[in-house]
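A.B. asks: I would like the entire structure built from these sequences, with the hints used as guidance.
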Amino acid sequence: MLSDLVVRIRSLFRRASVEAEMNDELRFHIERQTEKLAAAGIPREEAARRAHLEFGGVEQVKEECRDARGTSLVESLLQDVRYALRILRKNPGFTAVSMLTLALGIGANTAMFSIVYAVLVRPLPYAHPQRLTMVWQKDDLGRPGNTSFATYTDWKTRNHSFEQLALFRSWQPVLSGRGDPQKLIGLRVSNNFFRTLGVRPELGRDLRPEEDQPSTSHVVLLSHGLWERQFGSDPAIAGKTITLNAASYLVAGVLPADFESLLRTDPAGGPPEIFGALGYDASLPWACRTCQHLQAIGRVRFGVSFAQAQAEMDAISAALWKEHPSEYSASGVIFTPLREHLLGPLSRMLYVLLGAVSFVLLIACVNLANLLLARAAHREREMAVRATLGAGRLRMVRQLIVENWLLATAGAAAGLLPAWWTPRVLSAIGAGGLPRLADVRLDWHVLLFAFLAALLTGLVSGIVPALRLSKLALHDSLRERVEGSSGAAHRRLRGLFVVTEIALSLTLLVGAGLLLRSLSRLLEVAPGFDPQNVLTLIISTSGPRYDQNAALRQFYTDVLQRAAALPGVKAVGMTSEVPLGGNMDQYGFHAEGKMNANPELDPSAERYCVSPGYRRAMRIPLLRGRDLAPSDAEGAPLALLINQATAREIWPGEDPLGKRVKLGGTDKPWWTVVGIVGDVHQGALDARPNMQFYVPHAQWPYPDSDMVLAIRTSGPAAGMISAIRQVIHSVDPNQPVSRIMTLQEYIGASVGSRRLVLILLNIFAGIAVSLAIVGIYGVASYTVAQRTHEIGIRMALGAQRHAVLGMLLGQGLALALAGIGIGIAASFELTRFLGSLLFGVTPTDPATFAVVSLLLAGAALAAFYLPARRAMRVDPLVALRYE
Amino acid sequence: MAQQHIDLPQGTLDLLILKTLTLEPQHGWAISERVQQISQDVLRLQQGSLYPALHRLERRGWIKARWGTSENNRRAKYYELTASGRKQLEAEESAWRKLAAAVAQVLETA
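Top line first, the protein sequences correspond to chains A and C. Each step along the first sequence adds one to the number in the working numbering, with nothing skipped, and position 369 is 369. Each step along the second sequence adds one to the number in the working numbering, with nothing skipped, and position 85 is 85.
Because the hints were derived from the structure by calculation, they are not lab data. The beta carbon of each residue, even a glycine, is placed where N, CA and C say it ideally should be. Take every hint as true, because none was put in to throw you off.
Simulated restraints, written as ranges between beta carbons of each label pair: (1) A:40 - C:75: 19 to 29 Å; (2) A:40 - C:42: 16 to 26 Å; (3) C:75 - A:96: 51 to 61 Å; (4) A:43 - C:80: 34 to 44 Å.
With a straight-line cut-off of 27 Å between C-alpha atoms, the simulated DSS-like cross-links for lysine-lysine are: (5) A:662 - A:594; (6) A:62 - C:19; (7) A:138 - A:594; (8) A:668 - A:138; (9) A:156 - A:322; (10) A:138 - A:322; (11) C:19 - A:36; (12) A:662 - A:322; (13) C:64 - A:62.
C.D. replies: Below, the structure written as structure tokens:
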């Protein structure tokens, strides 16, 4: 009833004013009565006395009014809280242990939730992100691939499904004119890129269509961070010009602070911070239909599903294939919804961790239930008294649950500490290139989660003990009998707890063990080069001077020569792509006599544009033929090295040496294979190396302007950095150096996300096992203590110590084995979810299962052994009197 | 003549309060005065016990309270009958009459 609700709610929230109104009302009555009596001639004081008398006990009336208003629920809940606080204060040991248990359980879960929330749950920072999708060109193996400008233009003009279809590509311009030249991470984007995302500049304006032309494309947008860092938050930046790659660019605007470009073309770099107009020049040789170096992102129209859009795009793609049969290897497009594109690979990993951490909370719950049960024995009398005084069962259960909620809330408060530390721990571990991990923070979502987790934990762990205790209290007529039966029931329940804890811990340990083995297997994989003591850095050349190939090549030749002359340098080389650097160039590989009628169906291979000394500096083994040499210069016959995978793939059973091949198109010149080298893991240690070839920088028609210098040193590589910088500056002071990393660091970064999962899962497993051992120890101590009397009798009757010890340990072992059995069965089911996180081990790896099982059995036995041995030491006579 | 007081039978207090309020909104003191006046001081009402009943009736939505100024110019809490209170009164009144008649019949015939 509404009025009922209004009165109750008013009483709840306006307690003070409701009380005041009640006081006023009653006072008015008494005063009015006094007046009446006084009017009848009774002296004032006497009248007041009589009025009070006639009224009755004011406090009692007030109490009855409160009851009548229905505030009793809240009032009695407050009573429960006050009572619970008193009880918890009186048992500081119990309170501390349970709070710690809950703090660990809830803390780990809250910390994990804060990660999952920031990375996965939080909406993407774009307008209506559910309508955004990446659009890929499908290749002949059904894989998604980049697209070309010509294809994009046809897509854009022919489709009706997309509100916007935009393009972007990587861009790393050098900013100069403000201190040391600096290489920035950026994107070249089509003018509608930000309209596609639904992001508007906070300052200035967006890119304009007419600026998206080759002659007018010197226009950029800045990220908020870059604007702050490099331009001192200049409020008048829009309309000013800056110097990029030795040319002047107009700043159109600044993007809002909450915009972080999650779209990245360089996995090893940070988020892009500068966005230039694409201004694609379709007349250049690399603007061909087969030159797929652009990524497309589209926003489907409102009301159009991805499936409808996909169907239309597939039809367009089929038509294009018909029109240009030799320029596509397959028909069709692939959609990757933006959310999946950005977060898909992460979500499995994070959900595995979330699942794992919930086990920790379960164990914490079991531990607490266990503690409560042990304490129940001491509280039976208290509950019986309350029952006698008229407390209903519901009221007693509520009282016990309220106690638990208080504990859990306090535990959760303590558990916020780990969640508070999470961002710092993450940055210490290194995020492994995960997006949005920087946004992990303790916000109200996380607080709410912790609070709800506390409520749930309090209920789950408390309900069984509370129900048992209240039941016992109500049937407490024959104390002896009840205690006997409760003892047996409690023992069964405790056994169940031990089994549960062991099973849960085993599952977590198996998961952690499998990941640990995976990582160590992975790090055992030979990368194909020797990563010891090799320093790498990226040199970018820009400026009109280096538009000449000869000048560009001369610059690098000079840098290599001078670097090689440094003391402590054993070998120097350079490459267009560093292994495990996150990027790769793919080129069509057209071998003489092996070409398909449609050259697009020929395989592609990874291209390294290198200096002659690169292979030696990296210690990539030369298997046959000769290495590239300085004599493979411009004008000399074109020479290349291939890797083993290429030899196997293209020339099985033949000698590849001397064979000829065209690269990136059948209209290109012939290159001759002069040597075969070992395979290198370019993308990842857990991926099979692809076909690869090495061409000399001196012979490649468009020599790369950004090169990675690799310097093998005799000592630790880090000591060389300043000397190398000086060398580069001595050749040209205006060319920036970036991403100074050792090869070891590249390897570490390539397994970064794996390591993150491993570390977190190990922390969780560690907490789980510690909690479980504490819990098992508690049960064991209690069981043994309860049986002290029995032990005394057995020993008095002449039982051997070791026989009695064996009996107790046997009981522990039986529980441990049951837990291990259930845990193994559960793990068989659950480790499947680790899926691709595993490498080199099966999800049912027997060794891992065996080690983990032994470990847990041992721990459980130790937990039983300690209290059992203590019981053995007790004098049988004392034991007999024990009760 | 010495006055004879009858304690209020259980459950009838609500009925009396509702009945008292049919004429006009009243504050608590006036209600208790009026009950005693009309019953010619036969019904004895412990004055304090009136208030829990008033608060209970308010919660049920049969009466509603409003602060007003009393006959002696003081702030007092006035209660008035609501529509559902009126219905409730009718129902209780007829129930009471039936009960009283039934009891009377039993007493006469037994």
